[in-house]
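Visitor: For the record, the sequence lines run as chains V and P. If you read the first sequence in my numbering, its first letter stands for residue 14, the second for the next number, and so on. If you read the second sequence in my numbering, its first letter stands for residue 14, the second for the next number, and so on.
Hints were generated in silico from the structure; no laboratory data involved. Be careful, since some hints might not be right.
To be verified - Facing chain V, from chain P, some residues (calculated, C-beta under 7 Å):
| no. | residue |
| --- | --- |
| 1 | Ile-51 |
| 2 | Leu-54 |
| 3 | Lys-58 |
Claimed, not checked - Computed footprint of chain V on chain P, listed as stretches where at least three residues anywhere in the stretch have a Cβ under 8 Å from a Cβ of chain V:
| no. | stretch |
| --- | --- |
| 4 | 74-80 |
| 5 | 123-130 |
A quick note: this is a predicted structure, and the numbers were derived from the prediction, not measured. Beta carbons are placed, not taken as given, at the ideal position from N, Cα and C, and that holds for glycine.
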Amino acid sequence: MSLPSRPRQGHFTEAALGITLLVLVIQLYLFETVLQSVLDGHRTLLAGAFIASLALTVVALVLAFKAPCLDDDPGA
Amino acid sequence: MTWWRRAFPLELAEEGHFSRREFARFLAVVSAGFTAGIGYLWLRKKPLEGGSDPEPGHHETPVALGLASDLQPGQSRLFKFRDEHDACILIRTPKGELRAYRQTCTHLGCAVRFRGERLECPCHEGFFEVDRGFPVQGPPSRPLGGITLETRPDGTLWAVGELPKPTDLPERVATACPREARTEVTS
Ligand code: FES
Chain V
14 MSLPSRPRQG HFTEAALGIT LLVLVIQLYL FETVLQSVLD GHRTLLAGAF IASLALTVVA
74 LVLAFKAPCL DDDPGA
Chain P
14 MTWWRRAFPL ELAEEGHFSR REFARFLAVV SAGFTAGIGY LWLRKKPLEG GSDPEPGHHE
74 TPVALGLASD LQPGQSRLFK FRDEHDACIL IRTPKGELRA YRQTCTHLGC AVRFRGERLE
134 CPCHEGFFEV DRGFPVQGPP SRPLGGITLE TRPDGTLWAV GELPKPTDLP ERVATACPRE
194 ARTEVTS
């Protein structure tokens, strides 16, 4: 049985996917560190952590939504 | 054809096409969620649950804890401090000193109890020393919230406020109760 194939809108290279995964790992680590320090009563980290996290999110969002076709058709 | 395809003969055009880009979009949205979380922590002025930073300008209402002489070394008594959810424990240490702590374990929030010479959290076997509430064994890494006690001239004991969070681990505790030194229980 052959399923109708969906039009491909450009695929991610492994590098781009790797970067997005790395961003998420850093975000997780950052959030955990920030939460720990807030519970310990240290709030000085928050502004810097927020800016860093925002920058990482922008990178991830740009890669995921705006990056042009990074490779043509890996499945083909 | 696999058995479940025969059992559920649904055919969707989307099936089998969860692209890398869709996965990356999901990851990006999760990443944005973490950013929002950090932003929330930054904007939030009130301490988090379990945090013990008193709000600026907050005036505590003293809570009567009975006669100080009623509690013998090794005994404890539970009380509520700020409201009915703020469970605390008053203990008399084996050395005879009175101490009071929030009962909320700093690991995942179970209630600690007084056992012998330490405060014990039964959930994941976390232990805290009694002098300043430092964690000495198990998963907790932050000290218990301390409550300031006051003995009035008539001998009554009052909980009057929150102790500032201790940050320095006293040498005595560090050497007597190293966090890494797990107690080996042999049967
Ligand atoms: S909740 Fe207390 S040790 Fe985990």
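Visitor: Looking back at the hints listed earlier, which ones does the structure fail to meet?
Guide: 3, 4 and 5
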